[in-house]
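J.: So the chains spell out like this:
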Amino acid sequence: GESVGLHLPTLSVQEGDNSIINCAYSNSASDYFIWYKQESGKGPQFIIDIRSNMDKRQGQRVTVLLNKTVKHLSLQIAATQPGDSAVYFCAETLTGGFKTIFGAGTRLFVKA
Amino acid sequence: SAVISQKPSRDICQRGTSLTIQCQVDSQVTMMFWYRQQPGQSLTLIATANQGSEATYESGFVIDKFPISRPNLTFSTLTVSNMSPEDSSIYLCSVKRTGVAPYNEQFFGPGTRLTVL
Numbered sequence: 175g176e177s178v179g180l181h182l183p184t185l186s187v188q189e190g191d192n193s194i195i196n197c198a199y200s201n202s203a204s205d206y207f208i209w210y211k212q213e214s215g216k217g218p219q220f221i222i223d224i225r226s227n228m229d230k231r232q233g234q235r236v237t238v239l240l241n242k243t244v245k246h247l248s249l250q251i252a253a254t255q256p257g258d259s260a261v262y263f264c265a266e267t268l269t270g271g272f273k274t275i276f277g278a279g280t281r282l283f284v285k286a
Numbered sequence: 038s039a040v041i042s043q044k045p046s047r048d049i050c051q052r053g054t055s056l057t058i059q060c061q062v063d064s065q066v067t068m069m070f071w072y073r074q075q076p077g078q079s080l081t082l083i084a085t086a087n088q089g090s091e092a093t094y095e096s097g098f099v100i101d102k103f104p105i106s107r108p109n110l111t112f113s114t115l116t117v118s119n120m121s122p123e124d125s126s127i128y129l130c131s132v133k134r135t136g137v138a139p140y141n142e143q144f145f146g147p148g149t150r151l152t153v154l
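For the protein sequence lines, the chains are A and B, in the order given.
Using our numbering, read the first sequence as starting at 175 and increasing by one per residue.
Using our numbering, read the second sequence as starting at 38 and increasing by one per residue.
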């Protein structure tokens with residue numbers, strides 16, 4: 175079945191450095207790829223999405239890169255701040271559908 | 038945005054009993070989803086509950102175990118029936134707005150933490 179997974183379960187970065195969180199997916203029939211941030215005790219929060227026909231999209235301090243050749247998705251966070259500490263999930267929305275499938279998650283620790 | 042509240046926020050239940058989780062949204066939404074998240078793990082979609090139609094369940098989830106109601110555009114309930122310790126998890130309600138960008142953004146409730154003894 176479809177699945178979305180991550181390479182690294184935890185990532186520790188120094189405050190001010192850039193963070194890169196990676197994700198591998200297996201389903202080619204996805205319309206959008208999405209990144210969510212989940213802080214402790216809260217539900218996930220939408221960060222950014224990218225359509226499957228794009229390879230890069232930038233938001234505020236975040237950039238998402240999509241490489242469909244190797245089925246790889248990454249989230250880059252510039253100038254990482256303590257408030258960025260959370261679990262980050264990649265997710266995908268299958269073509270023609272509305273449901274979202276979540277990946278395994280990476281916990282980001284930001285060291286002051 | 039959409040603000041979602043869930044009741045109860047947490048509960049400890051005995052095996053064999055049932056628990057109904059309520060989800061209230063501050064605006065009318067067509068698409069509503071129920072997810073399960075075990076501690077330290079990802080979210081697994083249980084079912085899609087759109088108003089005016091029967092809930093659609095994902096593989097591994099059945100209506101007898103997780104009956105869902107969707108009486109209107111702002112409210113839904115998920116019941117966890119005949120509970121066992123394996124049902125211990127966080128249950129999350131989520132909604133997606135239609136016709137409003139970003140189109141893939143889903144809003145999540147704070148979750149209901151269920152422990153089954």
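To be clear, the hints were calculated from the coordinates, so they are not data collected in a lab.
It is possible that part of the hints are untrue.
Straight-line distance between alpha carbons at most 27 angstroms, and here's what the computed BS3-like set of lysine-lysine pairs gives [unchecked claim]:
#: 1; chain 1: A; residue 1: Lys273; chain 2: B; residue 2: Lys44
#: 2; chain 1: A; residue 1: Lys285; chain 2: A; residue 2: Lys273
#: 3; chain 1: A; residue 1: Lys285; chain 2: A; residue 2: Lys216
#: 4; chain 1: B; residue 1: Lys102; chain 2: B; residue 2: Lys44
#: 5; chain 1: B; residue 1: Lys44; chain 2: A; residue 2: Lys245
#: 6; chain 1: A; residue 1: Lys285; chain 2: A; residue 2: Lys245
#: 7; chain 1: B; residue 1: Lys44; chain 2: A; residue 2: Lys285
#: 8; chain 1: A; residue 1: Lys230; chain 2: A; residue 2: Lys273
#: 9; chain 1: B; residue 1: Lys102; chain 2: A; residue 2: Lys273
#: 10; chain 1: A; residue 1: Lys230; chain 2: A; residue 2: Lys242
#: 11; chain 1: A; residue 1: Lys245; chain 2: A; residue 2: Lys273
#: 12; chain 1: A; residue 1: Lys242; chain 2: A; residue 2: Lys285
J.: Are the hints correct? Go through all of them and say.
T.: Now the hints, each set against the structure:
Between Lys273/A and Lys44/B the CA atoms are separated by roughly 23 angstroms; this keeps the pair inside 27 angstroms, and the hint holds. Proximity of Lys285/A to Lys273/A is assessed by CA-CA distance (about 35 angstroms); at most 27 angstroms being required, the pair is judged violated. With a C-alpha separation of about 22 angstroms, the suggested pairing of Lys285/A with Lys216/A holds against the 27 angstroms cut-off. Between Lys102/B and Lys44/B the CA atoms are separated by roughly 19 angstroms; this keeps the pair inside 27 angstroms, and the hint holds.
For the hint linking Lys44/B to Lys245/A, the alpha-carbon distance of about 39 angstroms lies beyond 27 angstroms, and the restraint is violated. Restraint check: the Cα-Cα separation between Lys285/A and Lys245/A comes to about 30 angstroms, which exceeds 27 angstroms; the hinted pair is violated. The suggested pairing of Lys44/B with Lys285/A is violated, with an alpha-carbon distance near 35 angstroms, which exceeds 27 angstroms. A distance of roughly 23 angstroms separates the Cα atoms of Lys230/A and Lys273/A; the hinted pair therefore holds under the 27 angstroms criterion.
The hinted pair formed by Lys102/B and Lys273/A meets the criterion: a straight-line CA distance of about 21 angstroms does not exceed 27 angstroms. Using a Cα cut-off of 27 angstroms, the hinted pair Lys230/A and Lys242/A holds, with the two alpha carbons roughly 11 angstroms apart. Note on Lys245/A and Lys273/A: the hinted pairing holds, with a Cα-Cα distance of about 20 angstroms set against a maximum of 27 angstroms. Proposed proximity of Lys242/A and Lys285/A is contradicted: the alpha carbons are some 33 angstroms apart, above 27 angstroms.
Hints 2, 5, 6, 7 and 12 from the list above are not met by this structure, while the remaining hints are.
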